[in-house]
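Q: Listed in order, the protein sequences are those of chains A and B. Be aware that the first sequence starts at 1413, since it is given in this note's numbering, and climbs by one per residue. Be aware that the second sequence starts at 44, since it is given in this note's numbering, and climbs by one per residue.
Just so you know, these hints were derived from the structure itself, not from any lab. Here the structure is a predicted model, which means the values were calculated and not measured. The beta-carbon is built from N, C-alpha and C at its ideal position, and this holds for glycine as well. Check each hint, because a few of them may be wrong.
Chain A stretches covered by chain B per the calculated footprint, using a threshold of three residues with CB under 8 Å from any CB of chain B [to be verified]: (1) 1520-1531; (2) 1604-1611; (3) 1619-1632.
One side of the interface only, derived from the structure: several residues of chain B facing chain A at Cβ under 10 Å [what the hints assert, rightly or not]: (4) V59; (5) R135; (6) E227; (7) R229; (8) L231; (9) L249; (10) I250; (11) N252; (12) F296.
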Amino acid sequence: MTACAVSFSGVEKTYKRPRLLGAEYHTAVKDLSFEIPAGEITGLLGLNGAGKTTIMKLITGLLFPTAGQVRVFGQPPSDVAAKARVGFLPELPYFPPQVKPADALEYYGRLSGLSGAELSRAVESSMKKTGLEPHAGKRISEFSKGMLQRLGLGQALLHKPDLLVLDEPVSGLDPLAIHDIRALLAGLNAEGCAIFLSSHSISEVEKLASRVLLMVSGKLAAAVTRAQWESAPGGLEKIFVEAVK
Amino acid sequence: MRNLLIIRAVAFNSFVESVRNRFFTLFAVFAFTAVYASVLAGVMAVDQEARVLADFGLALIELTALAYSLFAASSTLLREAETKTIYLVFSRPVPRWAYLAGKLCGALLTAGLMLVVMAAMHLSLLAFRGFGLPAFYAWALAGTFLKLAVIISFAFFVSLFSTSAVSTLVIASIMWTLGHFASEARFLAERAPGIQGAVLTAFLWLIPNLQLFNARDAAGAASPLGLAVLFPAAAWVAASCLGALWLLSRKEF
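Next comes chain A alone, as it looks inside the complex (with noise of 0.2 Å):
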């Protein structure tokens, strides 16, 4: 396995808005670069507009960068090799209401390349580790905010990903849900698999991972790790506070 899970050097993406004369252009996140070690857990954190969701799309090739490069375990992020080792949970991810949650994590199973008794032990694999095996009768429709996030997490973890990269994994969950996860996501960790994470939460972020990266109006302010916020007076908030103000 290579030593360093995500890389990107000197990346920058800006976007470009269509107008009625000409475009306007948006810079987003600007000489970004950093690693994520394999088998860590990191976190990102930043204000609304710092670039924590184009920094995972750059990650899971659903964007590409306007300047730099960024590699996934070594390779292009829009290689399939590289998606191959890559779990993705998007913000409020959406699902077929009118599908049961086996069948939405078959149709996802089936896109990674999984069929046959393989496909179903990765289901019901996935269905056990988030809890939704006693819900696994009702339909999507039904399902509260907790359990569709419990879904977006069981369709990243189908194909035994290396990274799993989560866009506000704990967002809008109840306690419940949220310490569930967290211990889900430790374990995942535990086994080897490196996990990206972004969140608005600081305590939660402070939970889970071992190093965090400050992003700041498209920048990254800072890399701080464990034993940094550990030993600051004030912990991780207010190093968050300092770089961002």
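With the hints as your guide, set chain B onto chain A.
A: Just chain B, lined up with the frame of chain A:
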């Protein structure tokens, strides 16, 4: 092999979603009503009842299938982008061409099912009126299916650069209409003077000649369609798909 399984998964998912969509039910009800109306028109036609019943029914089948197919093809890619379902697809090892091929197969399966169901209704109504299978009926359905394939793939292409499903629907409908006047338009373009004529003639090559697929137009001919029409249909579908793939491979989500 792996990519074939992905195409099959996308196609089946797209087909099931279309069939579950309430609009499909709506169109099925509409189709039944429309085909029943053709029976009423047939009764009024007196001596030509069988012909009017067959032609009117086939025309309504084509229009109904066209309306639903265009609605589905115009909205499917935009809806997946809006609901962010596309994130879950393209963050996986799914080649964009395989996704597009799956979506096209799903749309064609839906169109094929609609044609079969409506044709069954139509033939039942004809049998109820005491008429047998009209001449070239299967050819007429095959021609309609080819037209739908051409226009669905064109709608996919347009949906990748248009800003809304409605604009895609309008542009594709205009193309469908122009396609039925392709011969007349070429005739006029050939008679236009100088550069104007050359530009018009060149532009008309971009418009599919949908008249080629009208089996009932050639009812007096020995063979109404012939396998040769598969080639222009395949060429137009391939051109639209290549254009759509070029746009999709550059598209960010």
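Q: Look at each hint and say if it fits the structure.
A: Hints and how they fare:
{"no.": "1", "hint": "1520-1531", "verdict": "holds (count 6)"}
{"no.": "2", "hint": "1604-1611", "verdict": "violated (count 0)"}
{"no.": "3", "hint": "1619-1632", "verdict": "violated (count 0)"}
{"no.": "4", "hint": "V59", "verdict": "holds (9 Å)"}
{"no.": "5", "hint": "R135", "verdict": "holds (5 Å)"}
{"no.": "6", "hint": "E227", "verdict": "violated (36 Å)"}
{"no.": "7", "hint": "R229", "verdict": "violated (34 Å)"}
{"no.": "8", "hint": "L231", "verdict": "violated (34 Å)"}
{"no.": "9", "hint": "L249", "verdict": "violated (23 Å)"}
{"no.": "10", "hint": "I250", "verdict": "violated (27 Å)"}
{"no.": "11", "hint": "N252", "verdict": "violated (33 Å)"}
{"no.": "12", "hint": "F296", "verdict": "holds (5 Å)"}
Comparing the model with each numbered hint stated earlier shows that hints 2, 3, 6, 7, 8, 9, 10, 11 do not hold.
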